[in-house]
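Participant: Chain B: place on chain A using the hints.
The listed protein sequences derive, respectively, from chains A and B. Residue numbering for the first sequence follows our numbering, starting at 335 and increasing by one per position. Residue numbering for the second sequence follows our numbering, starting at 140 and increasing by one per position.
One or more of the hints may lead you astray.
[To be verified] Distance condition first, Cα-Cα at most 30 angstroms in a straight line; then the derived DSSO-like pairs of lysine-lysine:
| id | chain 1 | residue 1 | chain 2 | residue 2 |
| --- | --- | --- | --- | --- |
| 1 | B | Lys314 | A | Lys347 |
| 2 | B | Lys439 | B | Lys280 |
| 3 | B | Lys415 | A | Lys475 |
| 4 | B | Lys311 | A | Lys348 |
| 5 | B | Lys311 | A | Lys525 |
| 6 | B | Lys471 | B | Lys141 |
| 7 | A | Lys525 | B | Lys316 |
| 8 | B | Lys141 | B | Lys503 |
| 9 | A | Lys564 | A | Lys382 |
| 10 | B | Lys160 | A | Lys485 |
| 11 | A | Lys485 | A | Lys525 |
| 12 | B | Lys280 | B | Lys311 |
| 13 | B | Lys471 | A | Lys546 |
| 14 | A | Lys347 | B | Lys311 |
| 15 | B | Lys280 | A | Lys546 |
| 16 | A | Lys485 | B | Lys500 |
| 17 | B | Lys439 | B | Lys503 |
Keep in mind the hints are simulated off the structure, nothing from the lab.
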Amino acid sequence: MKTENKTLNIAGKKTQLTILGEGPPLLYLHSAGGETEPIAFHHKLAEKYTVYLPAHPGFALSEGLDQIEDIHDLAWHYVDLLGELNLENVPVVSYSLGAWTAAEVKLMRPNLIGPMVMIAAAGLHVDGSPMEELFIDSFDKLRELLFFDPKGQEAVDYFPADTNDPRILMWLRAREATARVGWNPYLHDPKLAGHLHRLNSPVQVIWGRHDKLIPLAHGEYYAKHLPNAKLTVLEECGHMVPYEKTEETATIALDFLGSV
Amino acid sequence: MKFFAFHLMPWDRLPDDFAEKYDTAWTWLPNEMFDPEHGGELYNNYLDQLVLADQLGFDGVCVNEHHQNAYGTMPSPNLMASILARQTKNCRIAVVGNAIPFYDPPTRCAEEFSMIDCISGGRLIAGLVVGGGPEYYSFSKNPTFAREMYREAFDLILRAWTEPGPFEHYGKHWKLKYVNPWPRPIQQPHPPIWIPGAGSRETIQFVAQRRFAYMGIPYFHMDFFQRNFDVFRDECEKCDYTTDPEQLGWLLPIYCAETDEQAWAEYEPHLWYFVKKLLKGLVVFPPGYTSARSIAGIQKGLLQFMSTCETREDIEAGGYAIVGSPDTVRQKLSERIKKLGVGNLLGLFQLGTLPHDMTCKNMKLFAEKVMPGLREELSVTLTS
Chain A
335 MKTENKTLNI
345 AGKKTQLTIL
355 GEGPPLLYLH
365 SAGGETEPIA
375 FHHKLAEKYT
385 VYLPAHPGFA
395 LSEGLDQIED
405 IHDLAWHYVD
415 LLGELNLENV
425 PVVSYSLGAW
435 TAAEVKLMRP
445 NLIGPMVMIA
455 AAGLHVDGSP
465 MEELFIDSFD
475 KLRELLFFDP
485 KGQEAVDYFP
495 ADTNDPRILM
505 WLRAREATAR
515 VGWNPYLHDP
525 KLAGHLHRLN
535 SPVQVIWGRH
545 DKLIPLAHGE
555 YYAKHLPNAK
565 LTVLEECGHM
575 VPYEKTEETA
585 TIALDFLGSV
Chain B
140 MKFFAFHLMP
150 WDRLPDDFAE
160 KYDTAWTWLP
170 NEMFDPEHGG
180 ELYNNYLDQL
190 VLADQLGFDG
200 VCVNEHHQNA
210 YGTMPSPNLM
220 ASILARQTKN
230 CRIAVVGNAI
240 PFYDPPTRCA
250 EEFSMIDCIS
260 GGRLIAGLVV
270 GGGPEYYSFS
280 KNPTFAREMY
290 REAFDLILRA
300 WTEPGPFEHY
310 GKHWKLKYVN
320 PWPRPIQQPH
330 PPIWIPGAGS
340 RETIQFVAQR
350 RFAYMGIPYF
360 HMDFFQRNFD
370 VFRDECEKCD
380 YTTDPEQLGW
390 LLPIYCAETD
400 EQAWAEYEPH
410 LWYFVKKLLK
420 GLVVFPPGYT
430 SARSIAGIQK
440 GLLQFMSTCE
450 TREDIEAGGY
460 AIVGSPDTVR
470 QKLSERIKKL
480 GVGNLLGLFQ
490 LGTLPHDMTC
500 KNMKLFAEKV
510 MPGLREELSV
520 TLTS
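Bound-form chain B, shown alone:
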């Protein structure tokens, strides 16, 4: 069982009347709301939090890529990962991931990931993603080509890492006479690959067929994760192998404080900022982004999305976030990790307005009072 600290690097100053005045925290949200001075403070706090995760003994830290939004102000996770490659010592650095259809040419991703792998001494986990629905609006990239661009970019990156260059690539979307990236990654044949998904059958099959790792995109009801992970396991069986729990990851907000009551009292306003403001407009499926049938299915899944929650009870019943004393958090996580059969827990310890000191306290309590017990208990359960 591995524990990761996941960071979105969210914007913490959306106005009080945001919910009434704006339809979305994405794409069309006026960027005048971004205050660069404050942005600098946030980025530094956020990096400090991830460095702290390394010091606290987390197995890894996660950064990710989003564009033109308040939910995750990290358009280049590779910049952050390269800083972390220097400032952390032991943990894995998971970039989850680069939205490769937007890299022109995608070999740029192969190059940058190799740099991070080299600087970190081979600690990179390479996430390769299709890019979120809203980003096909932000970049005016045609979403009806999203999947085929993704596959072409993916294969090209893998070849760039594993095949001696220079070689030619004449694909549909990129035509490259010389593919010959310097540098190459330390990890051979290439860094571990993680692929996040929101439940599209296409993504689940793709990951299972290639034996990579599938990261459940968060904020859904437990039942929705369970269905997707079960489908993933079935797809692996169809490919004649049994899923390794390390092939599955589960991301969710976690908050620990001294007691259950204190945890909820401290956390709740920040949780609702996240749910009601930052999540607004996140789940968008532009035309052709995935098959019409998958979109129709995911639309039903959206009835089980965290933004439908109105009360603490809704959050707890759906398992959308784990909040409480270390004992409560440990007990709930243990039960659910076993049920879901995942080998990677990606905790979201900061989710917007949560102040820096509270985020650090949350992570410390988790690392000191939750993680060790879970490690012991789950190393037995998951591997047996």
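So that you can see chain A by itself, here it is in the shape it has in the complex:
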């Protein structure tokens, strides 16, 4: 598959961008886990689209976290990035932290973003369904929190085993970049819920039934309060939807984007 790696200068922030596949453009906004290198899910999307896969500031080789103070700064970064790439009305597939970011970008500059797929999206506080603590040190506990099957191959491959893992520095950087925008308020923007009625492009919400980090109630809230959204719930699936249900999620996303 055609793959291109670029380093962009986005308003002074060095930004890692991977471009994957051929076809019309599609922006992918990644999660706190930092899937900044192409994974199987990206390859599925790239069968039909040119997938733009940027790394958020502070993730992978992207810099500029010192210029990010909250989720809105991160969203403005993507306003700049879409300007740099000359993209408008671009379909977006987004996951967790990335899906929250996509929603904020859409509210700031509605013309930049077209139909949206929001997978296990952060961004809300839902009374009675608190999100679990992501910023804990134990990898075993994180695996339990994020995966439906914490002993499955994806869980083993995806996580550093311990602090001696060579990926640990990148892991610590990703954690820091996530905490920068998601520590307090915890992984949400208190004002986002009040803005959802303005986010009127077609939205496909996808959620794992057994998501412990961001409970399904958040997906139901998004689906109910976004004017043009539908929710698909995946069984035997935790928070790690693109990993745990790669084929199914890609099919839902591609069918949705093909239909709007």
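Facilitator: This is chain B only, laid out in the frame that chain A set:
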């Protein structure tokens, strides 16, 4: 050489099955376990112990700030220090320290410290700290801003003490139109400043560059202290001066009894309560609290942390605590103080379940049979 009695004011009634049932003595430990009536007794005993330290001739007493935990139930060391400012007569009162990113605005710390300095007649040592990792969870303060908040608060406090007010402060984290604290401290230009650290390179450099005093956060293996203190001395040299031993402090648990055997027999159950229960969850580095590289380094240091100890031999081999007869304690301390090159010894004489009378006996033996000899011996060695 100066001797301080350090107090955490720990909780002494964690359940027997604590180690199996709870992951941490911090942040998430249900506060139903705190019994206020008993808490009142403890606070009074603990204050009595620090007043006793003054009467016994210690150079100073130390209190410190922690939140939402059983390890140190002293959320406001300034309250304790203000009581001690009245009840002690001669000793220094070291607050080690105020976690200044949590003071809103940080000028509140400048004000309260000035009050303590005034009441005590200029006996305050002002500790200014970043705040422990767990506290960034307890207060939901964003740890990725911890260092820059610390620096901004630190500079603001120093200005508040030294620059005539009112003046404006428009920083990133605090915007203050009028900074003009009443009162001002007796000690001029400001009280001595101590900064504790767990080994972050950032903290060591900051303290060295500004010529303040670096307090080695305890419970690490001797080798880890040695490395950090050596790095500190190197950093001072880079700033074109040689470290004064008084710029370094070393904190560790100490227990003295009549003989080595008796000391271990009396102390050991209390030591393990501390190691296995109270230390659980202390060392947490939330994201961005310090650089990723420092965190990775400290994670390796944690293999040399006291909670990895399982036996008395582990404790002794790593120098995690000094236990024994006055002669043993003196001889071990002398050797290690010289090796580490520190001018302040901060002894932890009470560490949780140790009963009040045993704590007092421990301190008396130390003050009467260890301190005088060490003073004599080390005043020669360290200053020569």
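Participant: Now, for every hint given, state plainly whether the structure supports it.
Facilitator: Comparing the hints with the structure gives:
1. A C-alpha spacing of about 27 angstroms is found between Lys314/B and Lys347/A, which places the hinted pair at or below 30 angstroms, so the restraint holds.
2. Pair hint Lys439/B plus Lys280/B holds up; C-alpha atoms about 26 angstroms apart against a cutoff of 30 angstroms.
3. A distance of roughly 21 angstroms separates the Cα atoms of Lys415/B and Lys475/A; the hinted pair therefore holds under the 30 angstroms criterion.
4. With a CA separation close to 23 angstroms, the supplied pair Lys311/B and Lys348/A stays within the 30 angstroms bound.
5. Between Lys311/B and Lys525/A the alpha-carbon distance is near 23 angstroms, which keeps this suggested pair within the 30 angstroms criterion.
6. Simply put, Lys471/B and Lys141/B have alpha-carbon atoms about 17 angstroms apart, close enough for the 30 angstroms limit, and the pair holds.
7. A distance of roughly 29 angstroms separates the Cα atoms of Lys525/A and Lys316/B; the hinted pair therefore holds under the 30 angstroms criterion.
8. Simply put, Lys141/B and Lys503/B have alpha-carbon atoms about 16 angstroms apart, close enough for the 30 angstroms limit, and the pair holds.
9. A threshold of 30 angstroms between alpha carbons decides the hint, and for Lys564/A with Lys382/A the separation of about 22 angstroms falls inside it, so the pair holds.
10. Between Lys160/B and Lys485/A the alpha-carbon distance is near 24 angstroms, which keeps this suggested pair within the 30 angstroms criterion.
11. The hinted pair formed by Lys485/A and Lys525/A fails the criterion: a straight-line CA distance of about 37 angstroms is larger than 30 angstroms.
12. Distance check on the hinted pair: Lys280/B and Lys311/B sit about 15 angstroms apart at the alpha-carbon level, within 30 angstroms; holds.
13. Pair hint Lys471/B plus Lys546/A does not hold up; C-alpha atoms about 52 angstroms apart against a cutoff of 30 angstroms.
14. Proximity of Lys347/A to Lys311/B is assessed by CA-CA distance (about 20 angstroms); at most 30 angstroms being required, the pair is judged to hold.
15. The suggested pairing of Lys280/B with Lys546/A holds, with an alpha-carbon distance near 24 angstroms, which does not exceed 30 angstroms.
16. Restraint check: the Cα-Cα separation between Lys485/A and Lys500/B comes to about 54 angstroms, which exceeds 30 angstroms; the hinted pair is violated.
17. Using a Cα cut-off of 30 angstroms, the hinted pair Lys439/B and Lys503/B is violated, with the two alpha carbons roughly 37 angstroms apart.
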